[in-house]
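Novice: Quick mapping for you: the protein sequence lines, in order, are chains R and A. 1 is the number of the first residue of the first sequence in my numbering; add one for each residue after it. 176 is the number of the first residue of the second sequence in my numbering; add one for each residue after it.
Treat the hints as calculated values from the structure; they're not laboratory data. All residues carry an ideal CB built from backbone N, CA and C; glycine is no exception. Heads up, a few of these hints could be off.
A few chain R residues that don't get close to chain A, going by computed Cβ distances all over 10 Å [unchecked claim]: (1) Leu-22; (2) Ala-23; (3) Ala-26; (4) Val-42; (5) Val-43; (6) Leu-73; (7) Ala-89; (8) Ala-93; (9) Ile-117; (10) Ala-119; (11) Arg-120; (12) Leu-127; (13) Ser-131; (14) Met-156.
Chain R is faced by these chain A residues, among others (derived, beta-carbon under 10 Å) [claimed, not checked]: (15) Leu-312; (16) Ala-315; (17) Tyr-341.
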Amino acid sequence: MRERTEKDRAAVDDDPILDRALASLAHFSPAPGFEDRVMARVVTPAPMWIQRLRSRRRSLAATGRLWRLAAGLTVAFTTSTFVLIGFVALNAAGLKESLNGLLAEVGLPIWRALLGITARVAQDAYLLVQSVALPGPVWAAIGVGGSLTMVFNVWMLRRLIQPGAPEMARLNAPH
Amino acid sequence: MTSPLDLSTATDQEVVLQAREGHEAAYRELIRRYQRPVFSLIYRMVRDRELSEDLAQETFVKVLNAIDRYRPEFKFSSWVFKIANNAAIDHLRKKELDTLSLEGGPDAVTPERIEATALQIGDSGESPLDELEARELGLAIERAIGQLRPEYQTCIILRHVEGRPYDEIAEILGLPLGTVKTYIHRARAELRDMLDPLRETMQ
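Kindly generate the complete structure, drawing on both the sequences and the hints.
Specialist: Pasting the structure below:
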């Protein structure tokens with residue numbers, strides 16, 4: 001029985017007519033224009049450099065509104081600077097003339113007044129400091145302390161405005 | 176920017192990478208490589224030229240629109256054939272046809288439709304007598320394949336027309352290797368029986 005099964009198996013696996021018939025099986029081709037018909041329905045991705053730009057833009061957008069605000073302000077500042085420079089360059093002669101007039105009539109008196117006020121304030125401050133009569137090292141300590149306080153304030157502000165900052169989360173947490 | 180690649184000599188994986196970078200030529204190359212095998216597989220299963228074109232188109236559109244999701248650790252051909260086979264099987268299931276017509280496609284209900292959907296066997300370029308014999312044999316095997324169960328058909332076509340190895344057929348069909356070998360053996364046995372009437376005239 002087993003011998004017969006193996007014989008049958010061999011007959012199926014080594015049948016020359018079946019092999020010839022199977023070898024005669026050919027490929028069929030679709031109608032001409034198949035490639036174009038497929039391509040008309042395929043959405044090809046944008047070239048790599050555009051994909052990179054898009055992904056960069058996406059990652060920038062993901063970093064938060066603050067960055068977008070900063071980018072917007074930078075663009076606005078740069079644009080307005082260029083516009084201003086252009087305007088000045090185009091109207092240099094007229095501007096110079098009217099500025100000279102303005103400076104003589106308004107600018108100089110204001111400048112003199114500002115100088116007078118500054119000199120008086122500085123003199124008063126100096127006299128005040130002299131009247132307090134603190135030793136030099138104390139003044140130095142006040143100066144260093146003030147600078148450090150300023151640096152600390154900037155650092156804290158930076159932490160607060162970062163998206164997801166723990167300090168901000170604490171501030172926004174429901175009580 | 177990637178360097179230009181000779182697509183005709185590149186591997187499937189290389190062509191896919193180019194396609195992912197947005198090169199239309201790479202898409203076309205993939206279609207050119209697989210349009211005949213995919214169309215043949217579907218045509219032999221559904222036996223309707225128009226329908227096969229539609230299903231082959233669907234296959235390519237599905238494959239190419241999802242090219243970003245292709246995982247290079249698998250053979251590209253396996254992926255394409257898997258989608259093509261699923262498209263054909265889904266269609267056959269939808270039509271609830273478990274047997275295939277001998278002469279025409281499974282959808283053929285009128286004599287004109289049967290005529291239109293019958294497989295066309297090409298010229299082999301042999302002597303008239305040999306050609307007649309080859310033609311008869313070709314028609315007989317095509318008819319016999321049409322009578323097989325769809326999973327046997329896929330196995331036989333992938334093995335004997337496309338020359339795919341057993342393990343790739345197993346990957347395409349999502350079946351164990353042993354099952355694929357059994358299917359192919361059983362399919363061959365059925366085909367052998369169906370070719371018996373020709374045997375006497377051939378030998």
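Novice: Next step is simple, just say for each hint if it's right about the structure.
Specialist: Each hint, compared with the structure:
1. Leu-22: 4 Å, violated
2. Ala-23: Non-interface label on Ala-23/R violated, nearest chain A Cβ at 8 Å vs cutoff 10 Å.
3. Ala-26: 6 Å, violated
4. Val-42: Incorrect as stated: the minimum Cβ-Cβ distance to chain A is 5 Å, not above 10 Å.
5. Val-43: 6 Å, violated
6. Leu-73: 34 Å, holds
7. Ala-89: 39 Å, holds
8. Ala-93: It holds; Ala-93/R is separated from chain A by about 49 Å at its closest Cβ, greater than 10 Å.
9. Ile-117: Label holds. Min Cβ-Cβ 63 Å, cutoff 10 Å.
10. Ala-119: At roughly 65 Å from the nearest Cβ of chain A, Ala-119/R sits farther out than 10 Å, so the non-interface label holds.
11. Arg-120: 67 Å, holds
12. Leu-127: Per Cβ check, Leu-127/R is outside 10 Å of chain A; nearest 71 Å; holds.
13. Ser-131: Label holds. Min Cβ-Cβ 73 Å, cutoff 10 Å.
14. Met-156: Per Cβ check, Met-156/R is outside 10 Å of chain A; nearest 44 Å; holds.
15. Leu-312: Leu-312/A check passes; min Cβ-Cβ to chain R is 5 Å, inside 10 Å.
16. Ala-315: At about 7 Å, which falls below the 10 Å cut-off, the nearest Cβ of chain R leaves the hint on Ala-315/A intact, so it holds.
17. Tyr-341: 13 Å, violated
In the structure shown, a violation is registered for the earlier hints numbered 1, 2, 3, 4, 5, 17, in ascending order.
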